[in-house]
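Enquirer: Given next are the chains, with one letter for each unit.
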Amino acid sequence: MCGILGFLNKSKKFKKYESEIIIKKMLDSIYHRGPDGFGIWSNTQGNLFLGHRRLSIIDLSSNGKQPMTSKTGRFTITFNGEIYNFDEIRKEILKVNNYRFESNTDTEVILAACETWGILQSLKKFIGMFAIALFDDKENCLYLIRDRLGEKPLYYGWQGDSFIFASELKAFREHIDFKGKIDRDVLSLYFKYNYIPSPFSIYKDIYKLPPASVLKMDLTTYEYKIFKYWDIDTTNKFDTSYSDEELIEQLEKLILQSVRRQMLSSDVPIGAFLSGGVDSSTIVALMQSLSDKPINTFSIGFFEKDYNEANFARDVAKYLGTNHTELYVEPHKTYDIIQKIATYYDEPFADSSQVPTFLVSQLAKKDVTVVLSGDGGDELFGGYTRYLLINDFWKKINYIPLSLRKVMAKTINLVESLQIQKFLDSSIQKKMYQIFRGADLLTIKYPEELYNHFVSSWNQSNEIVLGSKPIDAFITSAEVGSLARQLSFYEWMMFVDLNMYLPDDILVKVDRASMAVSLETRVPLLDHNIVEFAWKLPFNQKVRGNTSKWILKQIMYKYLPKELMDRPKKGFGVPVGQWIKGPLREWAEDLLNEKTLKEQGFLNTKIVREKWEEHLLGIRNLQPQLWSILMFQSWLKENQ
Amino acid sequence: MKKIKLMLLAPSLRGGGSERVMLNLIKNFDRRVFDLYFVLVKKEGPYEKEIPNDVQVFDLNCRRTLKAWRSLIKCIDIIKPDVILSTASQLNILLLMIKPLIPKKTKIIIREGSIPSENIQSNRILWRYLYRKYYNQADVIICQSSFMKKDLVDNFKVDRSKIKCIYNPVNFENINMLIKEKKNPYLNYNKNLQCINILTVGRLSSEKGHRELIKSIPLLKMKRSNANLFILGEGPLKNELFSLVRELNLEDCVYFVGFQKNPFVWMKYADLFILPSKYEGLPNALLEAIACQVPVIVTNHPGGTKEIMKITQQTHRIIDEFTWDDWWFEKPTKKTYEILEENFNILKIVNKYESLILELFEVRKNGEN
Numbered sequence: 001m002c003g004i005l006g007f008l009n010k011s012k013k014f015k016k017y018e019s020e021i022i023i024k025k026m027l028d029s030i031y032h033r034g035p036d037g038f039g040i041w042s043n044t045q046g047n048l049f050l051g052h053r054r055l056s057i058i059d060l061s062s063n064g065k066q067p068m069t070s071k072t073g074r075f076t077i078t079f080n081g082e083i084y085n086f087d088e089i090r091k092e093i094l095k096v097n098n099y100r101f102e103s104n105t106d107t108e109v110i111l112a113a114c115e116t117w118g119i120l121q122s123l124k125k126f127i128g129m130f131a132i133a134l135f136d137d138k139e140n141c142l143y144l145i146r147d148r149l150g151e152k153p154l155y156y157g158w159q160g161d162s163f164i165f166a167s168e169l170k171a172f173r174e175h176i177d178f179k180g181k182i183d184r185d186v187l188s189l190y191f192k193y194n195y196i197p198s199p200f201s202i203y204k205d206i207y208k209l210p211p212a213s214v215l216k217m218d219l220t221t222y223e224y225k226i227f228k229y230w231d232i233d234t235t236n237k238f239d240t241s242y243s244d245e246e247l248i249e250q251l252e253k254l255i256l257q258s259v260r261r262q263m264l265s266s267d268v269p270i271g272a273f274l275s276g277g278v279d280s281s282t283i284v285a286l287m288q289s290l291s292d293k294p295i296n297t298f299s300i301g302f303f304e305k306d307y308n309e310a311n312f313a314r315d316v317a318k319y320l321g322t323n324h325t326e327l328y329v330e331p332h333k334t335y336d337i338i339q340k341i342a343t344y345y346d347e348p349f350a351d352s353s354q355v356p357t358f359l360v361s362q363l364a365k366k367d368v369t370v371v372l373s374g375d376g377g378d379e380l381f382g383g384y385t386r387y388l389l390i391n392d393f394w395k396k397i398n399y400i401p402l403s404l405r406k407v408m409a410k411t412i413n414l415v416e417s418l419q420i421q422k423f424l425d426s427s428i429q430k431k432m433y434q435i436f437r438g439a440d441l442l443t444i445k446y447p448e449e450l451y452n453h454f455v456s457s458w459n460q461s462n463e464i465v466l467g468s469k470p471i472d473a474f475i476t477s478a479e480v481g482s483l484a485r486q487l488s489f490y491e492w493m494m495f496v497d498l499n500m501y502l503p504d505d506i507l508v509k510v511d512r513a514s515m516a517v518s519l520e521t522r523v524p525l526l527d528h529n530i531v532e533f534a535w536k537l538p539f540n541q542k543v544r545g546n547t548s549k550w551i552l553k554q555i556m557y558k559y560l561p562k563e564l565m566d567r568p569k570k571g572f573g574v575p576v577g578q579w580i581k582g583p584l585r586e587w588a589e590d591l592l593n594e595k596t597l598k599e600q601g602f603l604n605t606k607i608v609r610e611k612w613e614e615h616l617l618g619i620r621n622l623q624p625q626l627w628s629i630l631m632f633q634s635w636l637k638e639n640q
Numbered sequence: 001m002k003k004i005k006l007m008l009l010a011p012s013l014r015g016g017g018s019e020r021v022m023l024n025l026i027k028n029f030d031r032r033v034f035d036l037y038f039v040l041v042k043k044e045g046p047y048e049k050e051i052p053n054d055v056q057v058f059d060l061n062c063r064r065t066l067k068a069w070r071s072l073i074k075c076i077d078i079i080k081p082d083v084i085l086s087t088a089s090q091l092n093i094l095l096l097m098i099k100p101l102i103p104k105k106t107k108i109i110i111r112e113g114s115i116p117s118e119n120i121q122s123n124r125i126l127w128r129y130l131y132r133k134y135y136n137q138a139d140v141i142i143c144q145s146s147f148m149k150k151d152l153v154d155n156f157k158v159d160r161s162k163i164k165c166i167y168n169p170v171n172f173e174n175i176n177m178l179i180k181e182k183k184n185p186y187l188n189y190n191k192n193l194q195c196i197n198i199l200t201v202g203r204l205s206s207e208k209g210h211r212e213l214i215k216s217i218p219l220l221k222m223k224r225s226n227a228n229l230f231i232l233g234e235g236p237l238k239n240e241l242f243s244l245v246r247e248l249n250l251e252d253c254v255y256f257v258g259f260q261k262n263p264f265v266w267m268k269y270a271d272l273f274i275l276p277s278k279y280e281g282l283p284n285a286l287l288e289a290i291a292c293q294v295p296v297i298v299t300n301h302p303g304g305t306k307e308i309m310k311i312t313q314q315t316h317r318i319i320d321e322f323t324w325d326d327w328w329f330e331k332p333t334k335k336t337y338e339i340l341e342e343n344f345n346i347l348k349i350v351n352k353y354e355s356l357i358l359e360l361f362e363v364r365k366n367g368e369n
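Protein chains in written order, with UniProt numbering: chain X, 1 to 640; chain D, 1 to 369.
Some hints here could point you the wrong way.
[Said to hold, decoys possible] Derived contacts from chain D toward chain X, CB cut-off under 7 Å, selection only:
1) Asp54
2) Gln56
3) Asp59
4) Ile79
Read the hints as simulated data drawn from the structure, not as lab findings.
On a predicted model such as this, the values are computed, not experimentally measured, just so you know.
For each residue, glycine too, the CB sits at the ideal point set by N, CA and C.
All chains should be modelled from the sequences, with the hints used to inform the complete structure.
Expert: In structure tokens:
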């Protein structure tokens with residue numbers, strides 16, 4: 001894992017040393033991604049500069065130094081990530097090509113593969129997580145490539161005469177041509193979803209390269225196009241002749257293979273996050289089954305009982321015999337982290353589980369350099385509780401004809417406008433607010449709209465961001481809308497999450513938190529062979545009755561007793577809603593200061609203050625909304 | 001804590017002492033505290049190969065220091081350093097001249113590598129003016145010895161409180177490693193092990209006193225017929241010194257061996273190291289020779305040499321005349337080496353530089369009182 005970046009100097013206005021300084025500054029800004037060294041490269045024309053920050057995982061010698069140029073001199077690469085099957089690919093190359101390898105790195109294998117089969121054919125063979133910038137001297141083209149599921153980040157965009165790209169936005173800020181204009185439309189998307197969905201970034205004209213995509217830039221015309229090199233085939237399903245046992249066995253084999261690959265491709269100590277839930281427990285169980293020695297597992301505990309999973313993790317670790325480390329976090333330490341956490345995320349990001357993720361990364365880094373995590377299981381095997389809830393809810397309200405629902409909604413709105421709730425007892429007030437909130441749901445025409453409503457924390461987020469207009473994210477795009485006709489509602493929700501929530505929330509959260517402490521995270525369930533397999537499975541393998549992730553649980557039960565694992569799912573959150581009323585109140589007040597908000601001119605001060613007061617008075621728990629405002633304000637303070 | 005952007009500025013990587021110090025610093029500065037930007041007026045010279053892997057050199061690619069002013073301004077504008085550490089008088093003065101164009105918050109530390117009043121031989125009036133006018137503009141001036149400090153204060157009216165004395169570091173680890181790398185180099189010149197090999201290291205220019213040294217060799221030959229003198233270094237005086245050797249008929253016992261990548265084996269196997277300079281800021285070659293545990297003799301000259309001799313308790317080895325007495329060749333005690341190690345080890349010196357920079361930002365280095 002590392003950091004990559006570079007830029008095109010279109011007008012050649014920078015001298016060589018000037019460009020090199022710019023690259024070095026950009027590299028320094030992402031020091032945490034690779035403290036083991038860095039490299040700078042430029043092409044002979046002097047219009048392309050590439051940079052690399054290195055965290056040594058494989059081949060710790062200087063042979064792995066990047067940017068690296070292929071034997072013939074045609075390709076030069078700067079690469080972040082891991083190709084887990086690089087050894088197999090190397091053998092395959094040696095069968096057809098007399099390539100003399102000089103290092104034991106996956107980087108060199110990528111170059112040799114491109115020399116042997118070309119870029120697109122090679123990409124099909126790679127299993128792994130990666131963000132790549134690859135220069136083809138023969139075609140005079142630059143390729144930016146992102147892995148299939150979006151595990152590794154890559155941003156790009158034109159700023160004046162410079163086309164800039166980097167693993168993190170922090171690097172953009174060091175470029176002279178960086179304009180840094182906040183995109184208000186995108187900001188309103190952020191307030192809607194609590195993260196910034198692809199392809200947008202917080203800054204105008206800078207984008208995230210979507211997962212499984214290639215950006216091809218012609219260095220003669222300076223024009224680029226983006227295309228996908230992989231996609232999930234949602235129509236291809238296993239035929240019904242397979243038995244449960246056969247499918248379970250096949251999936252187990254695939255996951256084992258992925259875990260084995262990810263454990264093997266490392267020359268540094270490796271461990272795993274263990275929350276005690278289905279996904280991480282399964283991964284840890286498989287890791288332990290493959291290892292003679294106890295593997296290192298890590299979990300974080302909270303003194304707040306409702307949020308604590310550490311005891312479950314401990315039971316699992318004890319049963320499997322792992323070398324388990326747990327840390328119960330003193331509340332005041334958490335508060336310190338919260339006040340700093342926005343600095344680790346280069347865009348506003350407001351998933352409160354970012355706090356425990358950071359803490360567990362910090363804990364793991366003390367002993368290991370690489371960890372495996374169980375992320376992806378919920379999106380692939382239908383694990384989120386919300387799927388069942390929303391599915392049921394839709395079934396229920398769909399009994400009532402839309403016209404009748406509209407009348408009901410209007411009535412409720414009328415009652416709300418009369419403001420009689422203000423004269424009532426506070427417990428009745430709370431109930432009434434719930435009903436008022438629910439009124440909007442009644443007018444929903446399609447289930448997809450319902451899901452969008454459910455995953456949005458501010459439905460009318462344009463109201464809060466001054467001067468913004470609504471734009472579409474993946475979930476509301478026409479392309480995804482048309483998919484709704486092919487898939488069941490349940491599967492559609494999973495598909496949307498796999499393409500939006502997973503890469504833009506979950507994986508961003510894990511990458512930035514772990515990279516902030518120079519720790520590499522790997523996600524075995526996101527091996528594309530597993531993803532493809534999951535999508536071929538009949539639905540009843542994923543959800544059976546009220547049991548979600550059915551097939552994954554069957555695998556887990558082979559390694560862990562059912563009694564140990566049967567308990568309700570818990571989120572990985574922290575009670576920030578309570579904390580900002582108590583110990584973090586001063587910090588929050590400072591960020592929500594009316595005068596500052598007005599001066600900044602991004603947010604509707606009146607709404608912000610109203611929500612804040614409602615939350616403080618305990619009328620409603622507005623944690624997600626306020627957390628997103630606080631994280632934005634905190635980010636703004638750091639980055640403006 | 002946010003990292004400190006530290007720009008290091010040097011004329012080139014030719015074999016000088018200042019450049020060596022810059023390299024040693026850059027190799028050892030704490031990467032977790034500093035983001036390093038190494039800027040050279042011209043990227044050339046034998047030390048180029050020694051630049052560590054994780055350091056990028058920015059080459060302004062200018063033939064002459066004074067011509068680099070425009071590139072230097074641009075360069076500083078892009079880097080926006082928190083601190084600039086510059087070395088070599090010309091470059092220091094140039095940097096201070098453009099100071100009005102540098103953001104106010106950027107601190108400027110200049111490192112004076114020689115004794116200014118000895119160093120300015122031509123254009124004395126101009127240089128004296130420039131030193132006086134500009135040196136006080138720096139935030140900190142680092143010199144290597146109290147003698148240098150006194151010179152700056154007395155002769156150039158530099159504010160005493162701005163001057164800090166930090167000795168040049170000696171990279172013992174590197175020296176001890178390189179010593180083992182090669183065999184006795186003198187064997188290539190004389191097969192006779194009985195030969196006495198005398199070594200001097202320095203740029204071939206008049207202030208280094210080679211001429212006087214060579215002139216004393218006939219006397220040495222009278223006392224010890226098996227003695228040879230080896231001169232390491234390159235410089236403008238080469239031809240003149242060549243003719244002097246020829247004139248005195250010393251071709252069979254005075255050898256010019258040029259620039260050597262590994263001078264330490266030459267030091268280690270020498271029977272005597274001699275520093276015949278007319279003045280020295282703080283001679284690295286002398287420090288390194290003591291680190292190689294060879295007997296040293298120095299001429300009585302202004303500068304930091306006396307301080308080194310005093311610290312290492314060898315003041316009796318400061319001579320006024322080349323008498324080539326027998327006691328010159330007596331091996332130093334282990335204590336001499338230990339004192340040197342204690343005072344000049346690289347980590348200690350780097351630490352001093354680091355603390356000095358951090359103090360400018362009112363941050364104290366961890367572990368220091």
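Enquirer: Please go over all the hints and tell whether each is borne out by the structure.
Expert: Against the structure, the hints come out as follows:
1. For aspartate 54 (chain D), the interface hint holds, since its Cβ comes within 7 Å of a Cβ in chain X; the closest pair sits about 5 Å apart.
2. For glutamine 56 (chain D), the interface hint holds, since its Cβ comes within 7 Å of a Cβ in chain X; the closest pair sits about 5 Å apart.
3. Nearest Cβ of chain X to the Cβ of aspartate 59 (chain D): about 5 Å, under the 7 Å cut. The hint holds.
4. Residue-level restraint check for isoleucine 79 (chain D) holds (minimum Cβ-Cβ distance to chain X is 6 Å; threshold 7 Å).
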